[in-house]
Amino acid sequence: MNVSEYFWNSSIDELKQGYILESDHYICLLCGKKSEIGIVYPDDGVYYEAEKFMRKHIEKTHYSVFDYLIGLDKKLTGLTEHQNSLLHLFHQGKSDSEIQKEMGIGSASTIRNHRFVLKEKERQSKVFLALMELLKDKDKHAPTIVNVHKTARMVDDRYNVTQDEVDKVLKKYFPDGTDGLLTTFTLKEKHKLVVLREIAKRFRNEQLYTEKEVNQILQTAYDDFVTLRRYMIEYGFLDRKPDGSQYWLKE
1 MNVSEYFWNS SIDELKQGYI LESDHYICLL CGKKSEIGIV YPDDGVYYEA
51 EKFMRKHIEK THYSVFDYLI GLDKKLTGLT EHQNSLLHLF HQGKSDSEIQ
101 KEMGIGSAST IRNHRFVLKE KERQSKVFLA LMELLKDKDK HAPTIVNVHK
151 TARMVDDRYN VTQDEVDKVL KKYFPDGTDG LLTTFTLKEK HKLVVLREIA
201 KRFRNEQLYT EKEVNQILQT AYDDFVTLRR YMIEYGFLDR KPDGSQYWLK
251 E
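For the record, in the sequence shown the residue sitting at position 125 is 125 according to the UniProt record's numbering, with numbers rising by one throughout.
If you're looking for bench data, these hints aren't it; they were derived computationally from the structure.
The beta carbon of each residue, even a glycine, is placed where N, CA and C say it ideally should be.
Hints are not guaranteed to be accurate.
Said to hold, decoys possible - With a Cα cut of at most 25 Å, we get these calculated SDA-like pairs of lysine to any residue: (1) K201 x T183; (2) K74 x S125; (3) K136 x E165; (4) K74 x V146; (5) K16 x A130; (6) K34 x E51; (7) K52 x E5; (8) K171 x Y231; (9) K121 x Q17; (10) K136 x V148; (11) K34 x E198; (12) K136 x I12; (13) K34 x E22; (14) K74 x K192; (15) K60 x E5; (16) K188 x Q219; (17) K74 x T110; (18) K192 x R230.
What the hints assert, rightly or not - Ranges of calculated distance between the beta carbons of each label pair, as one might list FRET restraints: (19) T178 x E98: 49 to 59 Å; (20) G180 x R230: 19 to 29 Å; (21) K241 x H25: 23 to 33 Å.
Using the sequences and the hints given, assemble the complete structure.
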């Protein structure tokens with residue numbers, strides 16, 4: 001499984017801690033970094049066993065699971081910008097009066113009302129999760145919807161794609177197999193997303209690439225690597241430094 005699949009298939013408790021144990025490895029749900037049981041890992045002159053090292057990695061790389069999750073696209077969190085800002089301040093342990101001053105909110109009662117709305121959202125989410133779990137046992141006709149990659153941007157109907165659709169698109173546009181050449185990139189936006197997700201598998205997690213290396217990899221899929229590179233960044237599969245000196249896989 002890729003990082004996004006681990007992320008979306010994890011339980012609430014696993015999401016809260018930010019990593020899972022699979023076989024003899026701890027896997028970071030936020031970026032895919034692994035640590036192996038039985039190996040001792042150095043970090044700033046201190047040595048850690050695998051699980052402790054994974055916790056240090058999350059703290060050092062992602063600051064906290066909360067910081068990472070709240071930074072996801074608002075279509076994935078379901079939060080408005082205002083709610084996002086409030087949760088940031090609540091998480092920092094600030095009082096209602098401090099938040100009132102910082103955000104320029106009229107009164108403390110307004111903040112209490114926001115707290116109530118967020119609590120109501122939490123209750124609704126719990127009920128909805130329970131309903132969806134119960135539905136899995138009964139809805140035998142539901143198609144397998146492909147998970148949105150967690151670094152996705154501009155999440156909309158383009159991401160509403162089933163596994164059957166994915167298989168058909170890949171077979172049609174990669175006639176020699178998904179490691180081969182793409183026949184065209186003049187596609188519907190939904191199909192572009194499917195193709196880009198597949199091409200992203202040609203990049204390795206945690207590896208930094210120069211622009212030349214990115215172009216060479218993309219050229220193994222399609223001649224117009226410049227267009228592919230732009231879309232890979234726009235759709236949140238690749239990221240880069242502002243000066244374009246380094247690229248890396250985001251999923």
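Given hint Q219 paired with K188 - CA-CA distance at most 25 Å: Holds: K188 and Q219 sit about 21 Å apart, inside 25 Å.
Satisfaction of the hinted span 19 to 29 Å by the C-beta atoms belonging to G180 and R230: holds, 22 Å
Pair hint K74 and K192, alpha-carbon separation not exceeding 25 Å: holds, 22 Å
25 Å limit on alpha-carbon distance, applied to hinted pair K136 and I12: Since the Cα atoms of K136 and I12 sit roughly 18 Å apart, the hinted pair holds (cutoff 25 Å).
25 Å Cα cutoff - pair K136, V148: holds, 19 Å
Outcome of range test on Cβ distance (K241, H25; 23 to 33 Å): Holds, since K241 and H25 (Cβ atoms, about 29 Å apart) stay within the stated range.
Outcome for the supplied range 49 to 59 Å, where the beta carbon pair is T178 and E98: At 53 Å between Cβs, range holds.
25 Å Cα cutoff - pair K74, V146: holds, 19 Å
Hinted pair K34 and E22, Cα distance within 25 Å: holds, 10 Å
Hinted pair K34 and E198, Cα distance within 25 Å: It holds: about 22 Å lies between the C-alpha atoms, which stays within 25 Å.
Holds or violated: K192 to R230, with C-alpha atoms at most 25 Å apart: holds, 12 Å
Distance restraint between K121 and Q17, which requires alpha-carbon spacing of 25 Å or less: With Cα atoms ~22 Å apart, K121 and Q17 stay inside 25 Å; holds.
The structure agrees with every numbered hint stated previously.
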